[in-house]
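Using the hints, build the complex out of the two chains.
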Amino acid sequence: MANKLISEIPLPKSIANVFSARNVSTAKDALSLTEFELMELLDVGLTEVRSALSQISEIVAPPYQTALSLMEQRFQNEHLGGHFPTGLKGLDAALCGGIPFGVLTELVGPAGIGKTQFCLKLSLLASLPTNYGGLDGRVIYIDVESKFSSRRLLEIGLRSFPEIFQMKEMAQEMAGRILVLRPTSLAEFTQSLEQIKVSLLQNQVKMLVIDSMAALVSGEHEQGARRQQTLSWHISFIKSLAEFSRIPVVVTNQVRSRNHDDASRYCFQVQSRDGAIETPMQYDSHLVAALGIQWAHAVTTRLVLEAKSGERFIKVAKSPISPPLAFPFHITSSGISLLSDDGKEVMGPEINAIHYQGHNEIINFGMEGLH
Amino acid sequence: MEIWRLPISASQRGKLISAGYTSLSSLSSISSSDLARELNVSESEAMNILKVASHSRGSETSNASCSIVEGAQSAWDMLHDEESLMHITTSSADLDNILGGGIHCKEVTEIGGVPGIGKTQLGIQIAVNVQIPNDFGGLGGNSIYIDTEGSFMVERAFQIAEACIEDMSEYNRFLRKDFQECKIKMQPQDILENIFYFRICSYTEQIALINYLDKFLSENKDVKVIVVDSVTFHFRQDFDDMALRTRVLSGMALKLMNLAKRFSLAVVLLNQVTTKHTEASFQLALALGDSWSHTCTNRIVLYWNGNERYAYIDKSPSLRSASAAYSVTARGIRNSSSSCKRIKMM
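Protein chains in written order, with full-length UniProt numbering: chain A, 1 to 371; chain B, 1 to 346.
Bound conformation, chain B alone (with noise of 0.2 angstroms):
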């Protein structure tokens, strides 16, 4: 690693480039007051920067009984813990199938789709059902909402999280296979309870927050899952830089994206919908650019398939591209069931 790379200030890479120091190996014998004296800084300074240079120099070479390279997992070992992770169910068994299980922990999961097909509801859907207990295959996390556009409505919160334990009690009930009415002790204000609702306006406020939330989950070890609807609303208006929305919207990705991983919790973003035009005709892609497009890991892509809504695996490392219907009720999101009768909600 040379000079240049070092994460230390620009003046102080300038003087040490002038005084003759141009590779870490030179800097390996040097004592911080002979340093100070060369570089015309303080002996403190000095010290720092031997101690930077240190440790960039320790995590190269290697020590005989670790691995070849410092920090490297063996593929044998990730598939351990890749059959261990547990997903997150979208109380929809078609979506389920294709997504391999549910929404997977670690992973970051963009959701797009036309106005009104059911982004905001399959958000809060995750929301609510990362909380089902380990009893009943579930995660028993909490989660947090980032709302950017005010579409989170409370009372339908709580209409899915009342369905949920119904549901819950229902499966209780069949596996007891004794048909006597199983309480099951949650409620749906403690669903709500473990929801965690930020609402950001404006995207420096989500920038912020996103910082912010590598202290908040230390606290707050029980989250599971990051639901952000949408994170494409305050990247569209205000930004006259192209190249800064990038760098900005990169940047909060691989943020995301290292929360998802060391807190092993799924990150779900919830993405609109623009024109493209490409090939002589316009066509419909999510918003925010192709650069964005390579940043998730996994991308879903909800739409309307003559009167049936259905979601498609656009991107994903390990499922293949296939497409499920599901349906928006009054209890959530649930398979798509042609043949049986809708319930109206009123």
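So that you can see chain A by itself, here it is in the shape it has in the complex (with noise of 0.2 angstroms):
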């Protein structure tokens, strides 16, 4: 709608051919610009230029739904109303359902806690006709770190769903349903991500995994500025490639250790000695999640994988829907799984903070219980 150009827009012909004129083209273009700078540009009046903006605001400004019209048409033509369920039934309930669609849902954790296990799993879910409680379509995995591991995927299907995957047509035609990209750099990253959203639509792609989305940024010399600058196009772009075509979208993230240049308060909190409670968290967690306050911002759910005191928990630290809860999870050779479906709600910041200890002894444990 941004693009829409000024010539197809209904506007007093005068007008239109002083816009062209002017090279103002699209809706963008003439919007960007005040009022004043408009009249100085044309050379015209301001009534005139008053109803030019109205009228093409009017048609480039998007139509409404009412709350419940928009609830109506999600229950009405999306799968459980607009949400994939993930098999984990307490966090799938805390859910509402399951990880929704249309938004961006991230998964964060240290190495090794299990993120690429749950997008195995995930992307195996998807790809499952739906009276198994899949979404019968295409899965695309971009697959930056070669993670991906095919074999594992097939035990995964084996050991959760053996009346599909023991026969070998079908193993064959739900593996066959998971698209795999290897993108080498964050140039071709974008390159398939605009291949990805012309041919979303037309090949039943039910879902999009990205493992991991912190990989491909981190693999970039720029820094700081820059770097935000180019993850802000991507970030942008693949929300709206989940918008309009109303898929889940999964995303992982690494995390990084926390440095003195993270900030944590306010200039007004700095000020006031008096009501204010050190955080004990902080002395605690040395992680925090990789990509930045503005992927923190744009993610509508977070999920946190941590491993705390011998055992793992997967967090629900950001959702619209959900309370703060904790899940305690485990990997057999069915994929990721919880060992209770009950949360523990968490208080305060603590939901956000990474957890890495006891892990050396959970990686050698979980190796055993898979063989």
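FYI, nobody ran anything at the bench for these hints, they're computed from the structure.
Take these hints with a grain of salt, some might be off.
[As the list claims (entries may be wrong)] Pairs of lysine-lysine, BS3-like flavour, derived with a Cα cap of 25 angstroms:
{"id": "1", "chain 1": "B", "residue 1": "LYS255", "chain 2": "A", "residue 2": "LYS4"}
{"id": "2", "chain 1": "B", "residue 1": "LYS255", "chain 2": "B", "residue 2": "LYS106"}
{"id": "3", "chain 1": "A", "residue 1": "LYS28", "chain 2": "B", "residue 2": "LYS255"}
Here the structure is a predicted model, which means the values were calculated and not measured.
What follows is the structure, encoded as structure tokens:
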């Protein structure tokens, strides 16, 4: 809508000619200027500028929907009202059905905690027919760090849904629906994104997984502000992809150690001494999610995977619908599963903290369970 | 008012000045045909110029019976207006207290905070609470929810609406004192029907929508609050020219303020957070820059203090800087109650 050509908008002929003569060809160009600037540029009076702007705005502005009709539309047209069940009962209940369609869901956690395992299970689930709880469609898996293992995928399938995967043709069909892309640079990734946008609706793609977003960006040499700018284009593009195709988009993120540059207070907090409680979590956890605060704002749901006192937890750190709950989980041959469907409620900003204690023991224990 | 301030096109202005008409008084006694001949323009154009000039002139000279400055209102009259203003409750009594009753109508309030602090929750709560009927102390109006990020979840709005209706019937029961089950006729679906939802995908659409709201609000006079969630998102990417961004943002803020005053509604803008380097340390600050921080009337910052969520009045013409604790529950925004047992959602 932003790039709507002025020539296609029914304006009075005289002003339409002036717009094109001054090279103001799209609605975006016209709306980016103030009324005064347009008057100067086009050499017309205020009333004409105002009426032209209001006509352009009326055409470019999106239509509205009442929240009620939005809800009815979602429940009629979409699977479970726009949610993709993960198979983890407690998590699905907290998220009101599962991973939401049309927005970004982030999985963040330290290395080896189980993010890729979760992604593999989700990809498998999405390819299954609807009577098995799947989305019955294709999955595009963007595998940046070459962690995708089709052997592991089929093992998960065999253990979780033996009735399907024991038949070779069915296994081939399901695994055939998962398309793996391996971009080696950010530029390649950008190119694939644009191709994905084109084929999204045509080819029955029901889910997009990006594993991992942080690895893409960290491979680039630019630092600081330039990196933020590059990332912001991608954030915007991926969000708009998710939005118009109404599919769940799962993105994994890495962690990095907290440095003293990380801000955590506002200037009014620094000034007042009384009433401020020192946050104990600052001293406990040295890890924060990578990609910065702009990314943290852009994701709609953030699931933190962490290891604490020898156990692994999956926490709902940010969600429009779920309270801050932590579920213990483990990884077996049939993939990730919850140890308890009753989440423990976590108070305060602790829900965002990422712990990494007693981790090595878990890896060894997990490996034993797999064989 | 001089010629160069008239809202006419640059070439007309240029012709007037080169013909020797530099002040408005010089145009007061000339006829349109003479002017057309002098400037070498058509008669209708000359008539238009004279009309604009006389209109501007008329607004300067005062009639003896009018006030000293046209368009001004005395502070005493404004006091009456301010006292009769209604507020939109946030459903947290502590928060309402520091806000002086709630979110003010006819003003633009900016609310910002880190991800996950409850901005969207507060936005949805306000969009629901504005619909509380007059009998219960509310405005009984509709709401516009402008979603730029896709964080609006209908199921959550339904939950909050349901809880709001339950609270109203509880209040009703208390008033009647006879403990009878008092059915409120309102249903959560009715509340959802009165939330007008717009989904914005670029800053151009955002500007276009705010321009279009003028017409929309004239047709839908019951709208009493506009929530923009968030005003920041599309302005944080694709703007290479920061000066342009500042101009566009301030133009947008002015239009919103205009809408708030003309239609007597509240405008709530949700903002994101960024890090700012001040005095050798990094601090959190609301996004969109320093110029933007001047444009909103009120500014509230939501932050974590220990394990509690707090709201701080950072800027307000009439309220003092204070902070209050609040919490986000399954029923929506409520008072923080560290002593009470928390109700789990499941």
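Practice task
Take the C-alpha atoms of LYS255(B) and LYS4(A), compute the straight-line distance between them, and say whether it is at most 25 angstroms.
Solution key: Holds, at roughly 23 angstroms.
Practice task
Starting from LYS28(A), check that the Cα of LYS255(B) is at most 25 angstroms away, please.
Solution key: Within the cut-off at roughly 18 angstroms; holds.
Exercise for the section: With a cut-off of 25 angstroms on the C-alpha distance, tell me whether LYS255(B) and LYS106(B) pass. Expected result: Since the Cα atoms of LYS255(B) and LYS106(B) sit roughly 13 angstroms apart, the hinted pair holds (cutoff 25 angstroms).
Comparing the model with each numbered hint stated earlier shows that all of them hold.
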